[in-house]
Structures are given as structure tokens and as C-alpha cells.
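Visitor: Each chain, letter by letter, is given below.
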Amino acid sequence: MASNHDKNLFQKRETIDAAVVRFAGDSGDGIQILGKQFTQSTALAGNDLATFQDFPAEIRAPAGSASGVSAFQINFGSHKTQTIGDNIDILFAMNPAALKVNLSDLRDGGLIIIDENCFTTRDLAKAGYDVNPLDDHTLDHYRLMRLPLSNLTIKAVKTEHISIREARHARNMWALGLALWMFDREKTTVTDWIRKKFAGKTHILEANLTALDAGFAYADVTEYNANRHLYHVPEAPIETGLYRNVTGTETLCWGLVTGAMLANLKMVYCSYPITPASDMLHLLTGLGEPYNIIPFQAEDEIASVCAAIGASYAGHLGVTGSSGPGMALKSEAISLAVATELPLVIINAQRGGPSTGLPTKTEQADLYQAIWGRSADTPLVVLAPRSPSACFSAAIEAVELAITFMTPVILLTDGYLSNASEAWKIPDIDAITPFPVKRNAESLTPPLPYSRDPETLARPWLIPGMKGKIHRIGGLERQNQTGNVSYDPQNHHEMTLLRHNKIAGIANRIPRQKVEYGPDKGLLAIVGWGSTFGPIHQAVRQLTEQEYIISHIHLHHIWPLPGNLGTLLSCFEFILIPEMNMGQLATLLRSAYSRPIISYPKVTGQPFKISEIVDAALKILEK
Amino acid sequence: MASNHDKNLFQKRETIDAAVVRFAGDSGDGIQILGKQFTQSTALAGNDLATFQDFPAEIRAPAGSASGVSAFQINFGSHKTQTIGDNIDILFAMNPAALKVNLSDLRDGGLIIIDENCFTTRDLAKAGYDVNPLDDHTLDHYRLMRLPLSNLTIKAVKTEHISIREARHARNMWALGLALWMFDREKTTVTDWIRKKFAGKTHILEANLTALDAGFAYADVTEYNANRHLYHVPEAPIETGLYRNVTGTETLCWGLVTGAMLANLKMVYCSYPITPASDMLHLLTGLGEPYNIIPFQAEDEIASVCAAIGASYAGHLGVTGSSGPGMALKSEAISLAVATELPLVIINAQRGGPSTGLPTKTEQADLYQAIWGRSADTPLVVLAPRSPSACFSAAIEAVELAITFMTPVILLTDGYLSNASEAWKIPDIDAITPFPVKRNAESLTPPLPYSRDPETLARPWLIPGMKGKIHRIGGLERQNQTGNVSYDPQNHHEMTLLRHNKIAGIANRIPRQKVEYGPDKGLLAIVGWGSTFGPIHQAVRQLTEQEYIISHIHLHHIWPLPGNLGTLLSCFEFILIPEMNMGQLATLLRSAYSRPIISYPKVTGQPFKISEIVDAALKILEK
Amino acid sequence: MTININKLEPKDYASNQEVRWCPGCGDYAILKAVKKTLSDLELAPEKIVFISGIGCASRFPYYLQTYGFHTIHGRAAAIATGVTLANPALDIWIISGDGDSLSIGSNHLLHLLRRNLNLVYLLFNNETYGLTKGQLSPTARLGTRSPTSLHGSENEPVHSARYALGAGASFVARSVDVAQKHLLGILRRAHDHKGTALVEILQNCPIFNDGIFHELTNKKNSPDHILELHHGNPMIWGVNHDKGLVLDPVNLSVEAVTIGCDGISETDLLCHDEKNENMAWMLAGLNRRQGMPTPVGVFYAVNKPMLPQLKNEDPGKEDLHQTENLNQKIKKLLDGGHAWTVS
Amino acid sequence: MTININKLEPKDYASNQEVRWCPGCGDYAILKAVKKTLSDLELAPEKIVFISGIGCASRFPYYLQTYGFHTIHGRAAAIATGVTLANPALDIWIISGDGDSLSIGSNHLLHLLRRNLNLVYLLFNNETYGLTKGQLSPTARLGTRSPTSLHGSENEPVHSARYALGAGASFVARSVDVAQKHLLGILRRAHDHKGTALVEILQNCPIFNDGIFHELTNKKNSPDHILELHHGNPMIWGVNHDKGLVLDPVNLSVEAVTIGCDGISETDLLCHDEKNENMAWMLAGLNRRQGMPTPVGVFYAVNKPMLPQLKNEDPGKEDLHQTENLNQKIKKLLDGGHAWTVS
Ligand SMILES: Cc1ncc(C[n+]2csc(CCOP(=O)(O)OP(=O)(O)O)c2C)c(N)n1
Ligand SMILES: Cc1ncc(C[n+]2csc(CCOP(=O)(O)OP(=O)(O)O)c2C)c(N)n1
Ligand code: SF4
Ligand code: SF4
Ligand SMILES: [Mg+2]
Ligand SMILES: [Mg+2]
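If you're matching them up, the sequences are chains A, B, C and D in order.
Plus 627 on top of the position in the first sequence (first one is 1) and you've got our numbering.
Plus 627 on top of the position in the second sequence (first one is 1) and you've got our numbering.
Plus 13 on top of the position in the third sequence (first one is 1) and you've got our numbering.
Plus 13 on top of the position in the fourth sequence (first one is 1) and you've got our numbering.
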């Protein structure tokens, strides 16, 4: 897609390979909308991209304060983009607090665009600035673009129907207009969206359109420094296909819907609100009946997992979703699902902990809990998708494993995956082989609830309503085959082994672990899991470009681990595991393969930077 | 203590080294009382001993059925006794079901004493016998003593004030009398006990005394085979001191009381009934205020741990106790205690799982949950006493660690430890150094709730009521030092590390791990933890006597592991870990030391037999 | 919800599992009444599900030849909620003890009652924790001694009926284990009710709490202590059928009177009105008051909004793909009107 | 429980932490009233503890210069129970939202009320989940739209006052965030009560549920919608002070009348009696009924058995060894009369 702003052809656009832009402002400033619209237009411009949102923990922290800053970051470029970018190239700071909080992430020489109308003494004080940073040497290392953004917006937008306050609210559209211009974009997708969104509210609609135009035009027509900041980012060489921007929350939910459909099941989605899992409940509630979803907001997390178990017991697909503290509450009931061998899909959108911790920040610290966080021996399946795109297929896989092996499956996502977005190639549903639940259990002889499929070791899913299959299940240890209560010592040992072997056996039915990038053996493999994929991958690429020999292995199957993983790891002298926790996967792999592993923990509530991983790898490579 | 039944000196007593006796009958038969009284007299006779109770899961399963059988086993001898004995020498089977359920544990040639009045067609049917085992070849390998025990009791006891039913109830005392005679014991402790227990109920009291005498006299005066079954077990060479018989439940509770006293704290014991933890609640409730205990039966496990946290927050010692499923429910709140760094003692009396599992059976399968069963990174201390005696000091240690390091401490016991009894040398309380909580926090400058003792990394225990220390705490991540809410990324990393290092540092403040028995290095070390001590120890002794070179290492500090453990383990070529779970300690040690370990799981709800461990060790030793 | 089959006898609803309660336990009588009710209602066994928590009472499902799920302590209501959402065509019964329902599980009971799902909830109240050996139950009356209340309990118990009314229940009833005829009537009423029907069954635990309901069960003078509620009828009780309830409008309370004394006749008495929540409330508090009878029967029965019963078919029979092109629908969802083509 | 100090002003009870609620949130007004109450009661800040769960409301303790514990979702009551057991000499306040109290936390609320520990419980009812962005709350009225009830909620909400009465509460009151004077009066009454004092405070959430209490808070016609309860006074409301409540003894219900119509005069009206549980029950249900006002004030206040307050001293001051020889006592315990000597 080429630029077609003819009258400005004389303005020179710098062609750049990629850019990291962060929009930041008060949580009331509409920053997320700004970011999302910019993202949409970026995608349509053919760039690959990744985004990340950063919210304050308070619903609405005091306006203008550091704690109230909301930010949206996008990394886009003409090549495959797998992280949100280590350092920002361009920072839109809509108030002093936004500047203060985000400045340290700006690269040297980066561009700052500020609304100078907001740098009043009062606003500066709220942000915690003693001296106006525009006046001292704070910004010496950066390029600064001061704009009277509020005033320009108000001037453009104010009519008799629009109050000054309302007019000022359109600042985000003014800034978006400017950003679109800077990156050589069409306005049409945004104007379409505004028309749809504010349909019926004529004045607001007009105000937003006007502000967008004004911002766009400002750069277009004024000469004020604008030509210093005009960029063109060529299209990325992307595989052909149908694409759309998605967050992990969306793909995960759609994956569940698709998985249930492929299994010929309705999904009963039972949850209790908790950040960042609530959005799944909202999304699935919105889809509702037409998609064979029965959404249920329970009274707490215990009730939500129990209702999901009840739904699976009754023969539909019980799914529950939560985050760390809620997962802890669910653990007793998950034990029941393991003991009774009922299918259950559990989504854990991990966040910063322990306890309430940092609810709006990301972390990967619930791996221990997922694998080991229940009383007694309760093996189950744990999966961890690496990206928003991967959430879709992971959800389908979770459904299939749950019903094939009659087991709970825990899907570990995190705050980053939930909110981050990327361009997703929409898969062809028709190409996925359905796995409908076989309900012809009528023919099984004998109809024993704890008889087993010799291949999977799964028991049959006999459900209430079936004639001739009447039986009782429960949490007391049950007799092999019949399922009747049994206190027999040998039977308990046997059943414990059966439950163990059933899950262990999955190791050989999942794909072999492959090396993501780099050679199959060598000095150093960086092993990651879940959402750290992007930064690890880019780090390994960079190092490879620098001619280091290094590999990237990324785990998706956390439990059971792929059958060949031990052998694969033994082909590397060093294993480095960067994780957003104190070293949980490292513990798991040490315990599974009795081999030394170098753990690189980062527990800041923020994703890894590429450079951090590069540095950590270099320490080993250059030893 | 020598026998002084003069008139029977002509009867020859066989002197034996040790004996394993199991009393078994219907749960209504008073078997546990029988066992306990026999145990008391055994202890007074100077033997070392260990006992174990086996209850049905139902309060009262159908009389006469296999599921209703209750048993009490005692192993006693003239040497140190550390297990309940692999095989039974003498089985008292008060009904056919008791015979059926227990026969397989009787050694070849063992003695069976039965009440032949109970082998009616009806009773046999209830027990599931098609043919009377007294009539076929079932008992060919054993010695059988048939007694009309019911009739003998009724005949002896029945008066106008005692109904036949009541009279028959005294069967257990008749059997006890017989057992006392067989092992050359005094009746006095039992008669004293009967007099106390039934004081005021003259007829019942008389009936019991009479039955006891009758049983005793029967053996004494009749010649019916009795001289074939007279034993004398010489005193064990026991360290001098004051002794008493204790169960793990008792010693643990007393240890808590003592620990709180040494800390100058009251204890608020908060619990919700669950087998086998309920007995602690009963016992501590019984002690109550005079012992500075505030007992609290909460509405559920969540409330009980929360109340304990509240009590610690307010400045007394919060303690909570439960079993697996209840522990799962507590995990969210334990995270809060870790995050806020409050002292808390948590007792987990493990039982068979998963889910409701086998509530009255023993298991060691909550190790994973104790160390890893919470959301996010939540390090805390885990201890596991090895025997009823060890529970006492472990409880004191738990209190001291909790208040010294401002941390939750989990104490893992199990169904076996809770109910098993042994002869305990009562420790000298005055010899234990007190560790009173220092309340002079008034003088700390600055009075910051998250400042730290440089040595322990513990924060000060500032409690409501203190002037000048007012502060707020909570589950959101808090700023180092001040404790104010902080969303700062670096601070979160730092606080996570501090919490981690505080617990990790304990590794070097606990005693170095020593080898329990055998050389400090060699081919094979058997590593155990918790209640498997006895059978492992005896197995290692036996093998050593057979001139194998083998060592026993027994872990008490499960987390953090003792600082020297890694080095110690590296001195052995093979490590064998027998556990009553699927290999949880094995996983932990592999993950901690990246070294291979041979796991020997047993998940039958029953303790290991010595022979099982011997066999497992031989497989390695003879390779 | 019921279909006609060759009528099954009560014994046909018994499973092949040995019943394992203590001799004399009130649970036996309740089991008998439930089997009779299933038979009377001619319910198809495979359409019935009994869901319980943990406790002596909660072993109940094992003994019935129906589907059964013995779950975890306090969560039967939550699990039954999921079962109902997934397959409302089932005939769902919850079995739970007083500890299970009103100690650990009360939050779920509250929300079940509020949501008013279509099922029957039998609360076996023996005022003790049977299975764990007799600790203090939340329903145990003031002064109850137990291993956890050695000197007698010091707090008012939870009164199930009051709790249920406070939670917004649409049907609240009470019966007694050994009062078979009464119990059968109540079970039928409960089953007929549309919405959640809570039935408190006073149940004797001969082991840990023997005889606490003796006043209500002994043949001789129980009529002096029980008030049988009948919609529309005056509230009368007593061995001589001469005691009654009247309203004291000044003190806004109900009071006991004797017919024939102080000029009181039957027409002065309050008539029971199942649809009156204020009357239900007053009656639910009666048993706490000296000299007042314990009411049994239906305290309250009204229609309230129910958590909508989705038109689910039996999951075992359904083919979701038959009715529509699901693939097509999902394709549309994934596209969402926001997609673009890279070519 | 209060000691005299140099009187502190309301502002002296403010912590140095920035208050972080949305502009216009009703929580600000409640914070103001609480600080004023602490000052009026002359409470020593170091003797006060505020304990909260999780939610916007539960951030409250951070903003007070008293001890404070921001715990976990739904468990404030349970943690406060432990605090009270350990040190009843403290002045304990629980702060909790409607979701915190009546969704995840209702089991603890039930048992707290039943145990009747001596503390104040402020339930901020904004009929929504503020902190997690506006999902359906259990107190949200029928038909409420939210991200989890797109077409309007389909079940009767939990009515806090009714729930509390059903749970056996000894003190139940209601006030409104912006009704400062009324709120101050209620807070003082609650603090004076011996036992658990539950105060429901209707609180506006301008972000997710703006104006749901508008009827009760707008200056113009709120008197037509609010009934202020005063013990012993007839129940009258209305802009013209002419509406009243009477008892309909036949239907056992309270009904609204207009003074001056149908010969009704003030003396015909029901007088409020805080000690009457039946009246409390009827009043607690009023707001659900068309044309009825929402009562505010003290619904119910009686003395009930309290979980015994142990004679604990301040744990910070105690030396347990001073009063008796504890070692001796424990030695006796360990011996227990069952010991024997091996020599
Ligand atoms: C999470 C959990 N906590 C505690 C228990 C132990 N437990 C089993 S049943 C029960 C209470 C039984 O009382 P009730 O519900 O009244 O039933 P009953 O036995 O009297 O019929 C308890 C505390 C458990 N199984 N699980
Ligand atoms: C165990 C757990 N579940 C869920 C959450 C998420 N959560 C936090 S506050 C809240 C509800 C808030 O509603 P309310 O109690 O009414 O308080 P408000 O914010 O309205 O003041 C929820 C669901 C959590 N923090 N912990
Ligand atoms: S303990 Fe009580 S309730 Fe339980 S089975 Fe025995 S008699 Fe019944
Ligand atoms: S979301 Fe609502 S309740 Fe929460 S702070 Fe904002 S206005 Fe107040
Ligand atoms: Mg009970
Ligand atoms: Mg709320």
C-alpha cells in the first residue's frame, strides 16, 4: 500500500524498518481506544505487529497522578514482529504523569510528543514533578515535539452543542490523526469505526471526526517540524491469507467455542470475575446461546469450578477460568475431577502474585500450582500457549485432550497474552478434523464406569439420562472397573497408578518437542514456555546473526512433558531458562531430567526485553 | 519386672524377643480400648513398643461386615521398636469378618484366637464367608485357639442388673484379661482404669472387672492349651527417665502448647473438623484457657486459616490444622500470610487421596501441595516429624521458626503418626531455652513494618495496639520498608527476592543433615521423610546385620532442605526413596540437586513393611 | 419431567450397595421415604440424579439405583447447579447434612435458593457432625455439649428455615425422619414445586445426638410439641387439639392460646398462608420460643423467577451439527468483519 | 473500649496515602463520615483496626491513620474473627463491598453474625462489582444489565437486611453515602452496640452504576422514597409528611396509607420497634415492593449471646509467665498421671 497524499509528496518520508510507539495518558484519556485504532490501521497497512496494554490497578486512580497512567504500546514493522519492543521510538505523553512514568523506556534520541497545555503547575505537581521537565535538562537526550494539543482540539471541535470538556475529550482522536499522518496511513478505517461507534450521537460523532481530521491535517498542512517526523514502514512479507488483529483473550475464547463444536458439545463456561480472566467471561457471555455457550457467573471460584464439573458430569463441556488466587480456591474441586476422571478445561490467566499481588501485571508464577497444587497425587494435563495466535489451537487441543482422556486440562495464559494483540492468520475451520464425543456407550459391555479404553486408559463418559448405565461416582477411592467405593489397599495403589499412567501416557501422543530455531544440539539452548516466546526468539535470532551458535526450544506441553524432551535437552551443554517467576520451569525440568539448568528469573510484572535475554545468553556463550 | 504369678510357676513361659499382636473385631466391640489398655500395661512391663489403629471409614458400618472391622496392632519387644511390625504373631479375631480381613497379615504358624460363638451362619454370611473357615483348610497354616468367648463372658458377668447384651459387651475385657495373662502382665493398671472410667456406674464397673478377671483366670486355671501360648518378653534396655505412651496427635498438641509458652504467646487454634486432624481440635479444646489456648471451630477451612492469620496479625500465635482437602482450601489465604509475612503454624495430617480418598488411611502425598501448592512464588517452611515422639519437638521448632522468620510453617504429619503410639521419654521442659517474642519494637527506628532484621531478613512483628507503629498491610505488593502499596516493577522483583532469600537462608540455620545409620558415603542410601522412619530404619539395620553396606538418611526439614544435603547425597552412588505417594520427595530432591534418584512409591493407605524396603534395597545392592 | 414406565416398586430404586449407616440412624427412614416417593411419582431411574456433599447424610446417593454423585464437602449445591445448567431435563435432588449445608456450604445454598433452579434440596438436620464424630454443628441449639463445645455451645444456631427465607427461597418446608406419612407428603410437594424446594428433615443420630427430637417423635405427647401446617387451615395443635396461634397485632407477634380459654374459639386463630412471607418468617422462629410448638409442613411456597431453564436437550442425544451449519457460524465469528486479506 | 486522649480531628485519622477512588465515588463520603465518627468517639488510633476484603470499598483501610489489614476477597469477616479472638480490646471495623460480603464471603458473614462478635461491619452496597469493572452483583436488582447480564439479570437479588436477619444478626441498619448526618448517627449507634453491628451503606458508583440510588439522594423528592426509622415513633414519610405504614392483620402485611385519607390519622400508624424481629423482617422487605419507601435507620437492635470475649490483655503488653508458673503446668500436662519411670 503506497502513500497517496499527493499534495504532500514534497514532504520527505523516511523509510524505516520498524517502530515502537507508546501512547500514554491518564486512564480517562481514551488511550486504549487510540491504541487499538492505530493498531487496526497498522495491520491494514500490511505491517506485522504486536501490542501491549498497561492499566493502572485502580478503576480510576486520581486524574493526573502517576498511578493513573494508562499506556498502549505497539511494535510494528516490515518483518516478523514477536515482541512489543524493548525500547520506545515514539512516546505520546498526554500529560506530565505519562511522561514521568514512561520516559525511562524511551530510547536515546527517541521522539516525545506532548500536550503542552497539560504542563500546568498543578498537573506537574500531581505527577510529582518539582520542576517542569520541559524547562530543565530532563529531555536533553530526546527529540521533543510540543503541541498545544488540548487547545488545538478544543478550537477544532467546540460548537454550541459540544462543551469545552466534551471537546477536550476528543484529544485522543486528534493525536490519532497526527499518528496516522506520521506513518502514512489511511484514515478510513478509523472514520468508519467512529461512525459506527457513535451512531445516533451526532454531536459526539462529529466531534470525533473533526478532531481526527484536525490532527491529520495539522501535520499535513503546518510545517511545524512535521517533516522531521514522517515515516514510512514498508509492508512485512506476510504469508497470504485472511488476517485480523486479535488478543489472547479473544483467540482463547474462540478456540474453546470451536473445540466444543468439534466435539459436538455445548460449553458451560463457569467463572467468577477476576482480573485478567474476567474478559473471557464477558466475551463468552456476549457470544452466548447462538454459539452453544451457557455462560454462568457463579458466586465464587469454588462454585464456578464445581458448576463446570457438574456440567461435565451431565455430559456437556465444563470450562472454568480464573487467575492465581481463584485457582487456589479451585484446587480442592479439581482434585475431585481428577479422582472421578471427568473432563474439565481450566484456564488460568496468570497475574502478579503472591496473594492479590499485582492484579493488572503479568507473571508466569502459577506453574507450580498447576502441576503440583493439589492434595495427594493428582496428575492432570497442563498446556501453555506462546502467543495470542497460539491460544486458539491450544484451546481446541485442551478440549480434545480433556474428553479423550477424561481429565482436567489446565491452560496457562497470562496478563500479557490476555491483553496483547497481534495480527492473526485466521485458520480454516473446515480443515480441522472434528473429534465428536462418542455417545454409543450404550453398546459397551459391560457398562462399567471405571472400565478403560486400553489405548488411552480413559474411562467411558457415561452420563445421566443413559438407560442401562446407571452408576454412582464420588470422591472416595473407587473400585477399579465398577467404581463402587473401595477401601481396599491394593485397589488404591492400582487406581493411583492408573491415574498416573493415563496422564503419563499422553507424553507419547502429543507432538515430539522440536527446536524452534537453531541447531538440534550444541552449547546452549534457551528453553522457554508460554508468553516469553517473542523476546526469546528475537534474542536467539539476534545472537545467531552475530554468529553465535544457540538454539531456542519452546515448551507448549508443560505436563506431561513431550516424550523426547529429555533426550533433546541432553544434546546441549547448557540450558538457560528465562521465566517471569523465580524459576518454576527450571525446577520442573531439573526434577524430570535430573540435569543442571541455569535459571533466569524476572519478576517485575513486565515481559522480558530482548536485550535482557541476549545479555544473559552472552554470559554463558562468552564464558 | 518379673512375673509373680506364683501358683502358675509350673506353667512354662516361652521367653521371646518381641511380638506383634493385633486385636480385631467389629467397630462396636471396643477393640481400640482393648488395644490401648494392653499397650499401657506393655509399657509398664518395660518393653519398647509401637502401635497402630485401623478404623473403618464409616462411623458404624453394618455390624459384622468386612467394612466394619476395626483393628489395633501393637509391636513390642525387648529392643528398640520402630515399626508396628510387618507380620502378626497373634491375631485376636472377635468375629468372622475380623478374621477374614486380617488373616493375610498373619505370619505362617501364627496364633489365631477366635470367639467361636460368633461363627454362626449369619455372621459368616455377613463377613462374606461361604464356608466356615474353621471347617475347611483356610487356617491350616496357623495355630488356632477356639474359645466360646461370648458365652464365657456372659456366664461370668450376667447378673440381675446386667442384661445379656450388656454382659456380652464386656467381651473386650475378657479378651484383655486373657492377653494380659498370656504375656505375663499385671492387671492393676487396667483395674485402676476401669474403676476411674466407670465410677458411678456400679454395675458396668463390676461387669468389666469381672470379665477381666474371668479372662485372666481362664488362662490361669484351665489347662486348655493355655500352656502352649505363654510368653515372656523381657524388658527392653531403655534409656532411664520418665516415660509415657503417646500418640502423635498428643505430642504435637503438647508441643504447640509448649512452643507458645516458650514464645510467651497465647495460641489461637483455629480448625474445622476433618479426619485425622479433628483430634487435635478436640485435644486443644479440652486443654483450653488454662493452657493459654483459645480454641476456635470455624465454619470452614478457609475461615479457620483466616482466623489464625487474624490472630497472628493481632499478636498471638495463630495455628490451624487440617488434612489434604482442607489444606487445598487454605492455600489462597496461606499466600496472604506469605505475602504479608505473618507468623502462622499449619498442621497437615495427611490422609489417603486424591479428593475425599481414603479418609481413615495414611499417606504422604501432600508434600507437593505443601511446598508448591499456591499461586505465584510463595516460599515457606515445611517440616515433617518422623514419629509420635518427634512431633513434640517439631511443633516447638515450628513455632520458633514462624515467629523468628515471620513466616508460615507447614508441619506434615499423617494418619499413621496421628494415631500410632509409642513410649515417649518425657523431655525436661526446663532444659529448653525459651524464645520469647521481643515486643520492644517501640525502640526500633524507623518503625517501618517492612524493614528487616539483617540476619534473618524477618520484618518486625508490629501489632495493633502499639503506639507510634500504626501502619497498614495487605495482599497487594508492598513497598520495601514502608509496606505501602507499590506497583513499581523493580520493587516487586526485589520483594519477591527478599521473600525467597529469607526462607532460603533458613537452610543454614537449621541443623546439618546427618546420616541416621550407616556410613557417610557408599553405594546406597535410603532417604526417607516423615513417618516412614521406622520401617526404613529397621530395614537398614537388618541389611547391615547381613553385612550389606547401606545408610539411612531421614529428612525432617523438607523446605528449605538442609544446606549440606546436596553434598551428602553426592557421596552415595544410589539414592532410594520409599514414600507413601507416587514419588514426591524424589521429585523434590531431583529438582534441588539435579541428580538421579530411585523412587519406591507405595500408595495403599498402609505403612511400609520392613521386608518391602529390604527387598527394594536388595534389588539395588545385588545388581 | 416424569415419564410413564412400567411402574417400579420402592425396592427397585435400591442400588446393590450395602447400606452403611449406624443401626437406628434416622437416615434409613429418609431413604425409605425417598424410594417410596420415586416410585409413587413413577420417575424413570435413569433420569434421576442424586447429588450430595460429604457427611453421613451425603452417602445417600450410593444406596439408590439412580445416577448419583457424592461430591465434596459443602459443594453439592454448586455441582448440582452445573448439572442443571447442562441438562435441565434431569430430575435433580440434592442431599446434604446440616454441617455440609450451613457451615462450609452456606454460600452456595444462598445462591442456589436465590437463583431458584428447579430441583429438590433435602437438608438432613441431625444438629451434629455425624461423620467426623459429633462436633458442634451450626444448627445445634444453645448449650449443646460436644468435643468442641465442652461447656455447652454459646451461640444461637442457624435456623435453617429462617436462613432460607432470608436467602429468598421460594419453597421452605420441614419434616421429621420417622414421620413417614408426613415426609412422603412433603417430598411430593417439594418435587412438584417449580424452583428450588428446600426441605429440612429433622433426623436422629443415635450415636452422637440421640433423642434431640424425642419431643417431636415420641408417640405419647408429640402432638403437644408439633404444629402441622396446612395451607388455609387454622393453626392448631396439642394432644387435645386445643392449642392455637393468634396474632398479637400490637406487639406484632404470634402467641399461643388455648381454645376455650379467655373466650378464644377456633375462628380467632391464624390460618396458615403458604404464600405469606411474613407468616413464614414468624413460624420459622417459633421453635426457639418457650412453650411454642415446632412447625412442620410447608412454611412457604410461591413462584419466583427461576434461573432460566435453557432449552437443552439431553446431551447424550444431541447432535449440534444437525440443526445448523456451526462451521459457518464460527467462520463468521473469526472473521468478525475486521479481517483483511494479504495476498 | 475507648480511652480519652487529646481530642483528634477527623483529618488526624487520615493516613498519608493518596485516596484512589474515581471522582464522585460514594466511598469518599463514607470515608469522611467514618473519620468524623472516630473523632467524635475520641478513639485512640492505635487501638483501632480496619479489616477489609478486596474491592474498591476494601481499599478503605489504606486511607485511615489506624491499623489496617486489606486481606483477600470475601474473607474479611473470618480474619476479623481471629483478630477479635486474640485481642478483643481492639476497636474492630470491617469494610466490605456487596460482592465481597454477599457473593464470595456470605458464609463468613453468616457465622460472624451468628457468633455476634463485638465489632462493626460496614457493607458498602453499590450493587455492582466496582473493582473488576461492573459485573453483576448479588445485590443488583432484577433486570440489571452488566457485562455478565446483557439482557438484564433474571434473579431476585440478595437483600442484605433480610439476609442478616435470617442469619440471626443482633443489629441491622441501613444508611446512604451522601446522607452524612444520618450516616454519622448510624455509625455511632453501630459502634455503641454490643455484638456485631451490620450497617448497609447504599453507595453510588458513578462509573458502573451511576444514579441507582438517585431516588433516595436527590434533594427534591427523596422524602417520597425514604422512610427514616426511629425507635418508638410512627412510621411516616413523604414530602408532605403524610404517608404512613399500617398493619393489615388479616393479610399479615404492612401497607402504605395516606394520613387524612380514609379516616387515617397518625395514631393508626405502626410505631417502629427496633426490638421486634417481625417488624424488622417486614421493613427489610419493603424496598422490593411497588410504591413502598426504602427504610433507612436501625431495623433491629437487641442483645444476643456473644461469642465470649476472653479476658485477653493486649498481646503486646502481656507476660504470660508473670502470673503463673507455666513450666510447672506443662510438666504436669506431659506427665498426665500416666507416666512411669525407667531407672
Ligand atoms: C473440605 C472438607 N472439610 C472437612 C471435611 C470433613 N467432614 C466430612 S463430613 C463433615 C461434616 C458432617 O456433618 P453434616 O454435614 O451435618 O453431615 P452428617 O454426617 O451429620 O450427616 C466434615 C466436617 C471434609 N470431608 N472435607
Ligand atoms: C479470590 C478472588 N476472586 C476474585 C477476585 C476479583 N475481585 C476483586 S474485587 C471483586 C468484587 C468487587 O465487588 P464488591 O465487593 O462489590 O466491591 P466494590 O469494588 O464494588 O466496592 C472481585 C470479584 C479476587 N481479588 N480474589
Ligand atoms: S453417626 Fe449418626 S448420622 Fe452418622 S450414620 Fe451414625 S447415627 Fe447416622
Ligand atoms: S469503580 Fe465505582 S465503586 Fe469503584 S472507585 Fe470507581 S466509582 Fe467508586
Ligand atoms: Mg449433621
Ligand atoms: Mg460493590
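These aren't lab readings, by the way, just hints derived from the structure by calculation.
Watch out, some of these pointers could steer you wrong.
As a list, the in silico SDA-like pairs of lysine to any residue whose alpha-carbon atoms are at most 25 Å apart [said to hold, decoys possible]: (1) B:Lys1094 to D:Glu268; (2) A:Lys782 to A:Leu730; (3) C:Lys207 to A:Glu916.
Only some residues are given here: those of chain D computed to face chain B with a beta carbon under 8 Å [stated by the list, open to error]: (4) Leu98; (5) Asn100; (6) Ser278; (7) Thr280; (8) Cys284; (9) Lys288; (10) Asp332; (11) His334; (12) Lys344; (13) Gly349; (14) Thr354.
Looking from chain B toward chain A, a few residues come up when the C-beta cut is under 8 Å (computed) [claimed, not checked]: (15) Ser1002; (16) Gly1095; (17) His1098; (18) Asn1208.
Positions of the beta carbon are idealized from the N, C-alpha and C atoms, including for glycine.
Visitor: Now, for every hint given, state plainly whether the structure supports it.
Guide: These are the hints, each one checked on the structure:
Straight-line distance between C-alpha atoms of Lys1094 (chain B) and Glu268 (chain D) comes to about 54 Å, which puts the hinted pair past the 25 Å bound. A hinted pair counts as satisfied when its Cα atoms are at most 25 Å apart, and Lys782 (chain A) with Leu730 (chain A) does not qualify at roughly 29 Å. Of the supplied pair hints, the one linking Lys207 (chain C) and Glu916 (chain A) holds, its CA atoms being roughly 23 Å apart against a limit of 25 Å. Look at Leu98 (chain D): its Cβ gets to within about 5 Å of chain B, closer than 8 Å, so that hint holds up.
Taken as an interface hint, Asn100 (chain D) checks out: its beta carbon lies about 4 Å from the nearest beta carbon of chain B, inside 8 Å. Annotation: interface hint on Ser278 (chain D) violated; nearest CB of chain B at approximately 49 Å, more than 8 Å. Checking Thr280 (chain D) against chain B: minimum C-beta separation of about 46 Å lies over 8 Å; hint violated. Interface hint status for Cys284 (chain D): violated, as the beta-carbon distance to the closest one in chain B is roughly 37 Å, over 8 Å.
Of the supplied interface hints, the one on Lys288 (chain D) is violated, with its beta-carbon coming no nearer than about 27 Å to a beta-carbon of chain B, more than 8 Å. The beta carbon of Asp332 (chain D) comes within 6 Å of a beta carbon in chain B, closer than 8 Å, and the hint placing it at the interface holds. The beta carbon of His334 (chain D) comes within 7 Å of a beta carbon in chain B, closer than 8 Å, and the hint placing it at the interface holds. Taking 8 Å as the C-beta cut-off, the interface hint given for Lys344 (chain D) holds, the closest approach to chain B being about 6 Å.
At a threshold of 8 Å, the smallest CB-CB gap from Gly349 (chain D) to chain B is about 7 Å, leaving the interface hint in force. A distance limit of 8 Å between C-beta atoms decides the matter here; for Thr354 (chain D) the minimum to chain B is near 6 Å, and the interface restraint holds. Nearest Cβ of chain A to the Cβ of Ser1002 (chain B): about 3 Å, under the 8 Å cut. The hint holds. The beta carbon of Gly1095 (chain B) is not positioned within 8 Å of any beta carbon in chain A (closest approach about 27 Å), and the interface hint is therefore violated.
Because the closest C-beta pair between His1098 (chain B) and chain A is about 17 Å apart, greater than 8 Å, the hint is violated. Taken as an interface hint, Asn1208 (chain B) checks out: its beta carbon lies about 6 Å from the nearest beta carbon of chain A, inside 8 Å.
The structure does not agree with the numbered hints 1, 2, 6, 7, 8, 9, 16, 17 stated previously, though it agrees with the rest.
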